[in-house]
Every structure is written in structure tokens, then in C-alpha cells.
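**Q** If you read the sequences in order, they're chains A and B. Letter 238 of the first sequence, counting from 1, is numbered 238 in the working numbering, and no numbers are missing. Letter 50 of the second sequence, counting from 1, is numbered 1050 in the working numbering, and no numbers are missing.
In case anyone wonders, no lab produced these hints; they're calculated from the structure. In this text the structure is predicted, and so the values were computed from the model without any measurement. Incorrect hints may have been included.
The calculated DSSO-like cross-link candidates involving lysine-lysine, where the alpha carbons are at most 27 Å apart (straight line), are [to be verified]: (1) Lys276(A) x Lys1049(B); (2) Lys127(A) x Lys64(A); (3) Lys135(A) x Lys276(A); (4) Lys113(A) x Lys127(A); (5) Lys13(A) x Lys86(A); (6) Lys113(A) x Lys74(A); (7) Lys113(A) x Lys68(A); (8) Lys135(A) x Lys1049(B); (9) Lys127(A) x Lys189(A); (10) Lys1042(B) x Lys276(A); (11) Lys47(A) x Lys64(A); (12) Lys1042(B) x Lys135(A).
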Amino acid sequence: MLYTVRELTQYIKHRLQDDPSLCEVSVRGEISNFTHHTSGHMYFTLKDEHSQLNCVMFRGANTKLAFKPGTGLKVVCSGDITVYEKRGVYQLTVWDIQPDGIGALYQAFEQLKAQLSERGFFDPARKRPLPLFPKTIGIVTSRTGAVLHDILNVIRRRFPAVRIILAQTRVQGEGAAAEIAGAIEQMNKLSRTDPIDVLIVARGGGSIEELWQFNELKVVEAVFDSEIPIVSAVGHETDVTICDFVADLRAPTPSAAAEIVVPDREQLRQQIAGHKIRLDHAIRRTVEMSRDRLARAERGVVHPRDRINQLRQYLDELTRQMHTTVTHRLQLRRKDLSMLGATLHALSPLNHLQRGYSIVLRAPDRAVVNTIDAVTAGSDLWILVTDGKIGCRVREIKEGWDHE
Amino acid sequence: MSENEDITFEDALAELEDIVHELEESGLTLEDALLKFETGVKLSRLCNKELDDAEMRIEQLTEGEDGVRTERVEIE
Chain A
1 MLYTVRELTQ YIKHRLQDDP SLCEVSVRGE ISNFTHHTSG HMYFTLKDEH
51 SQLNCVMFRG ANTKLAFKPG TGLKVVCSGD ITVYEKRGVY QLTVWDIQPD
101 GIGALYQAFE QLKAQLSERG FFDPARKRPL PLFPKTIGIV TSRTGAVLHD
151 ILNVIRRRFP AVRIILAQTR VQGEGAAAEI AGAIEQMNKL SRTDPIDVLI
201 VARGGGSIEE LWQFNELKVV EAVFDSEIPI VSAVGHETDV TICDFVADLR
251 APTPSAAAEI VVPDREQLRQ QIAGHKIRLD HAIRRTVEMS RDRLARAERG
301 VVHPRDRINQ LRQYLDELTR QMHTTVTHRL QLRRKDLSML GATLHALSPL
351 NHLQRGYSIV LRAPDRAVVN TIDAVTAGSD LWILVTDGKI GCRVREIKEG
401 WDHE
Chain B
1001 MSENEDITFE DALAELEDIV HELEESGLTL EDALLKFETG VKLSRLCNKE
1051 LDDAEMRIEQ LTEGEDGVRT ERVEIE
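Chain A extracted, bound-state conformation (with noise of 0.2 Å):
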């Protein structure tokens, strides 16, 4: 059989891309001879240790990628097997590369959250707050119970007054992503009927691999654009995604987020008796202060005028008094006043010394003689008279007095 080049090329180009298994194929490897031409194509070479496999991926293609691939990065590339006639090749027509292993993911990692940045992906001004009292919780996790239990256990001894939908979702492998950013949508979906409060996504931990569905972009979108605020608690404390810094709030670890999302009844119930001891408190003031006024009140049922005009006559009166009773001490203290004038005349020693008699004083100390015994010979004594004093000395002291 004589075929022409292109004849066989043809057939061989049929028979491959005919060929269900050489369509949508996922291949691992490193890539090599990496270009991006000014077309915005991309070609590269896919090795590993035995084999080398063309591929291309064109500009309409790779605009969608969530991080740069280049020579030397492990990659897993989706696509068809096409053939390039013109030069006789097979080739992978590549639509989607996923970064794969620590390094590539660490990068892709790196860049997406850089990207998604520059988007204000991150901006805080975007976080929502979270409901006090959520009525209806929306949880989007895995199958598997762990995850789920732990969440439902915080839930119940916490705040059981709830009530929960459910979204399980495979959380790692292919495909995860587009359920998880799927139930996230149909949380959205349900909740513009059937409101949902507040939603937490979450995931037990694991490797950055196993971790991976939460950095794509499927999801990240997903929880963008998601009207519901967002609770993100993906893997334990020192893990983190992309998901989480998208959220309106991370928590460190899935039972953590349930303690985020619904308050503590024990917590209310003390609230609740502290605002009861208080309305108590307050009514029975508030009665007792009315006993009070009521009192007040059967004392004097009085008009505010008529009070003022007695207040008034009252002061009157008081003047009245006060002005009676200065007046009277007044002429009482008068009267003490002279009463006093005459004892102290009638007292006055000098009354006496104008009826004859003297007084004696001893020079040195001045103290007065009225016994024999206050001087002695030769003491000297002053005499007081009405008009002046007399100064002596003592000659002689005779006790008794004589008959002259």
C-alpha cells in the first residue's frame, strides 16, 4: 500500500485522536525546553528518567492558570493527544497544569496568593462580621465523620438551639474542588429561599498535597463570591490555604470554628440571671421610691403656690422672732452690764482706802500683809493710799494690839 506523506500522517493523526484513551489523559512529569512564545503559547517538553513528551498549550488555555510553569517544575498536565501534521509529531495539547510535589506546590502556592491579592482577594475591608446567634449553620466538609463529628459535638454542648445543613464533599483528590466550590454555591443557592446564617468549611488536617483542593481557584472563587459569611478551617493550626485567607474569618482548627460560629448557652444563661437580679433590684427601688413620694404626698396635699406664700409668712415670723430676741438679750446684757458696774464698785478696794483704811504690801514681792508673820524687823513695805504709796521699814512686830 502507497500512501503520500500527509495521507499517512492523516491516518496516523485519526487513529490516535479517535483513540478514547489518548483523550482527556492526566500525565506526571518535569518539565523541560520550556518557552512562551509572543502567540502567548506555550510549549514545553513533559520527561521523566525513560521518555519525553511534546506538549503545547495555547494562550486560551493557559490565561486560566493560577500560577507560572517553567523548566524544572513537577507538574501534572491534563489534555488530548493531537497530532501537529506539519511535522509529523504527536504532541499533548495540554488545557490544565497542577503543580505537583512540595516545591511546585510551594511556588504555585506563592503565586496564586500574590495574584489573587493584587485582585484584593485579602482585603480586610471586604471581612464580614459574624451573626451573634446563627439560627441556620451551613457546613461544607468531608464524608469521612471525623471532621464533622467534631464540629456537631462543639455545636451541641455549646448552643444545640441550631439548625445545621449539611454539604459532604470529597475534600482531596481530583475533582474535590469542583464539589466543594459546587456545595458552596448551592449553600448560596438554598440560602436566597432559606436563609443561611453563617457557613464553615472545613477539613481535617494533612500533607500541603492533600491540602491542595483548597488552594484552587474553583474554591477560592467560591468562597469569594459566596454571600454567606464564611468560616475557613482547613487542616490544624499550622496549616494554611489559600481558602482561609479568602474567608471572613480562619479558624485554627474545625472545632475551633464551630466555638467561633455559635456562642456559649452557659455564658447566656448567667447573662440572662445577671439581667434578672437586676430587673429585681431595679422594680424594687422603683416601688419603694413611689412608697416614698406616696408618703410625702399624704403629708401635705398642697398646692405649689399656697406653699410658697406660707414658706414666705413663715420667714416673716422667723424675722420677727430673731429681731424680738437680739433686742431683749440685748437689753438683758445692758442691765447684767450695770448691775455688774455696781458690785465691782462696791468691791473696789479703793472704796476703802477712801474710808481710812490702807493697804500694806511687802516691797520685794508685793504681796499683801494682813499677819505679823508675813515681815520681819527691817523688811521694807510700801502702804497703798488713795493718792499714792508710802515707803517704811519694819521696826518692831508685836503680836495682839495695844490700848493707846
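Given the coordinates of chain A, work out where chain B should sit on it, guided by the hints.
**A** This is chain B only, laid out in the frame that chain A set:
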């Protein structure tokens, strides 16, 4: 308090707080104060009841042809 028995826990608690403040400010007449007090006691009872007899209800999200729905599930 509104006559509505469907008042949410959140609203009931907020109203209770308001009443406590109003009563403590003591600008009310005795009659009003007693009315408020009665409402406050009712509200605190309501709040406690809400906390006490609350049973968690779990529903599963399902998507059918007629859109998104939920159905009751039992999970321990």
C-alpha cells in the same frame, strides 16, 4: 414585648437588656415600671427556655431538578 411568640433569642435578649436599662434609669412611672418588669421577667424566661429545650436539627443539602433542597438526617 411584641405579642409574637416567634421572637428570636437574639431579639429577646436585646429587649431584655433594654428593659433592664430603662428600669435602672428609673424615670418610669410605677405603672410603666411594673409593666416593663413583667415583660422583662417573661423575656428572661423565654430566653432560658430557648436555651434549655433546644434540640439541634440536622439537614442534608441535596440538589434536584427543582433546585436545591434539604432533607432531615440523623447524625450522632
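**Q** Hint by hint, say whether it matches the structure.
**A** Outcome of the hint check:
1. With a CA separation close to 14 Å, the supplied pair Lys276(A) and Lys1049(B) stays within the 27 Å bound.
2. For the hint linking Lys127(A) to Lys64(A), the alpha-carbon distance of about 26 Å falls within 27 Å, and the restraint holds.
3. Pair hint Lys135(A) plus Lys276(A) holds up; C-alpha atoms about 24 Å apart against a cutoff of 27 Å.
4. A hinted pair counts as satisfied when its Cα atoms are at most 27 Å apart, and Lys113(A) with Lys127(A) qualifies at roughly 17 Å.
5. Taking the CA atoms of Lys13(A) and Lys86(A), the gap is about 12 Å. The hint holds against a cut of 27 Å.
6. A distance of roughly 20 Å separates the Cα atoms of Lys113(A) and Lys74(A); the hinted pair therefore holds under the 27 Å criterion.
7. Between the alpha carbons of Lys113(A) and Lys68(A) the distance comes to roughly 12 Å, so the proposed pair stays at or under 27 Å and holds.
8. Our distance criterion of 27 Å between C-alpha atoms is met by Lys135(A) and Lys1049(B), whose separation comes to about 16 Å.
9. Proximity of Lys127(A) to Lys189(A) is assessed by CA-CA distance (about 20 Å); at most 27 Å being required, the pair is judged to hold.
10. Restraint check: the Cα-Cα separation between Lys1042(B) and Lys276(A) comes to about 10 Å, which is no more than 27 Å; the hinted pair holds.
11. Distance restraint check for Lys47(A) and Lys64(A): the Cα-Cα separation of roughly 23 Å lies within the 27 Å cut-off, and the hinted pair is therefore satisfied.
12. Taking the CA atoms of Lys1042(B) and Lys135(A), the gap is near 21 Å; set against the 27 Å cutoff, the hint holds.
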